[in-house]
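Here the structure of chain A is known, so what remains is to put chain B with the ligand in place on it, guided by the hints.
Chain order of the listed sequences is A and B. Mapping of the first sequence onto the working numbering: residues 1440 to 1570, in sequence order. Mapping of the second sequence onto the working numbering: residues 22 to 222, in sequence order.
Read the hints as simulated data drawn from the structure, not as lab findings. One should not assume that every hint holds.
[Claimed, not checked] Output of the computed footprint for chain B on chain A, the stretches with three or more beta carbons under 8 Å from beta carbons of chain B:
#	region
1	1483-1489
2	1492-1500
3	1517-1529
[Claimed, not checked] Quick partial rundown of chain A residues pointing at chain B, CB under 8 Å, derived from the structure:
#	residue
4	Pro1450
5	Ala1451
6	Ser1463
7	Met1466
8	Leu1478
9	His1480
10	Thr1509
11	Val1510
12	Val1511
13	Lys1513
14	Ala1514
Glycine included, each C-beta is placed from N, C-alpha and C at the ideal position.
Each chain, written out:
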Amino acid sequence: MDCREVREYLPAYVDEAGGPRAQSIEMHLSTCPECRTELGHFREMKDALATLPARMIEPPAWLLGTLTETVVQKAARREAIRNTAEKLADPKVIVTGSLVAAGVAGALLIRGRRRRRRTVTRRFREALAEA
Amino acid sequence: MDVPADVIESCKRGEPQGFEELIRLTHKDVYSLALRLTGNPDDAAEVSQETYMKLLRVIRSFRGDSKFSTWLYRVTSNVAISMLRKRSRHDRNVSLDAESWGDLPAPETADPELRVEGRLLKDRLDTALMGLPEGYRAVVVMKDIYGLSLAEAGKQLGITEGAAKVRLFRARQRLKEVLYEDEPAGHGRQRRKKEADDGLS
Ligand SMILES: [Zn+2]
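For reference, chain A alone in the conformation it holds in the complex:
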């Protein structure tokens, strides 16, 4: 391999020293200081890139406040909907409500509760999707 060929492979070679062409590349590198410098640049660059996640770019000052406001508000809305849905689905609420409203028999009550629960679950899902 000559310098031109070796340099073509260096951007890949920097990931894994043992590739299919590793032997020919290594042979060339052992005799060519220029290509060794090149490889050094790729390695240095790759290491430097990997440090970037820790080098954060300062966001505008208002970002944290805006994110907190919009996202937390939305989370709170979702939580409120969930709590209401849970309360409505609570058997005690349903039993009392059903007795007062209709005074129906036990068997009917159970059936009604099941149906009610299904409706509540569906409404809850719809509300969540809208929130």
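Coordinates of chain B with the ligand only, in the frame set by chain A:
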């Protein structure tokens, strides 16, 4: 990024205070990644907001078999790439295609910021990255900076893993040229020295 497990659990239960804490702990990471992908502070802010809105819905699917940071980077890139895709339909300057490589200016015309003598390599990386077309920069950002897999980067961009790999190697090559001012040995240093002298006179 360090997010305690109880904060993640609180978010999974949908508790607003969990999200408040999560945002406080991670918004700089999310914003930085979004900016590195979109190249535009306004877009980065919008991507950050959309990312957390999406998290409200999907955080329960985080299973803990990968690091939370990796998972959050994946969600953020996903939102950012979607935005870039929308942008590229209206704005000719934004492109996720492989063809955009041909329009790239030569390294010599790259940002003068990069030529400032004595600045550390890692201080110049972000500027150098912005000289790459979006579709190439995205692969380097996801793979070499944030440690996502090439398969993942390809999936997000809608290209094969092999195509993502080609982009990665090209982008590395170009970044290296820009950062190390590739010229016949010695000339770069001499020219920089001359420019510095000219600047003084
Ligand atoms: Zn050589």
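A quick look at each hint next to the structure:
| no. | hint | verdict |
| --- | --- | --- |
| 1 | 1483-1489 | holds (count 6) |
| 2 | 1492-1500 | holds (count 7) |
| 3 | 1517-1529 | holds (count 3) |
| 4 | Pro1450 | 4 Å, holds |
| 5 | Ala1451 | 6 Å, holds |
| 6 | Ser1463 | 18 Å, violated |
| 7 | Met1466 | 21 Å, violated |
| 8 | Leu1478 | 10 Å, violated |
| 9 | His1480 | 5 Å, holds |
| 10 | Thr1509 | 6 Å, holds |
| 11 | Val1510 | 4 Å, holds |
| 12 | Val1511 | 5 Å, holds |
| 13 | Lys1513 | 6 Å, holds |
| 14 | Ala1514 | 4 Å, holds |
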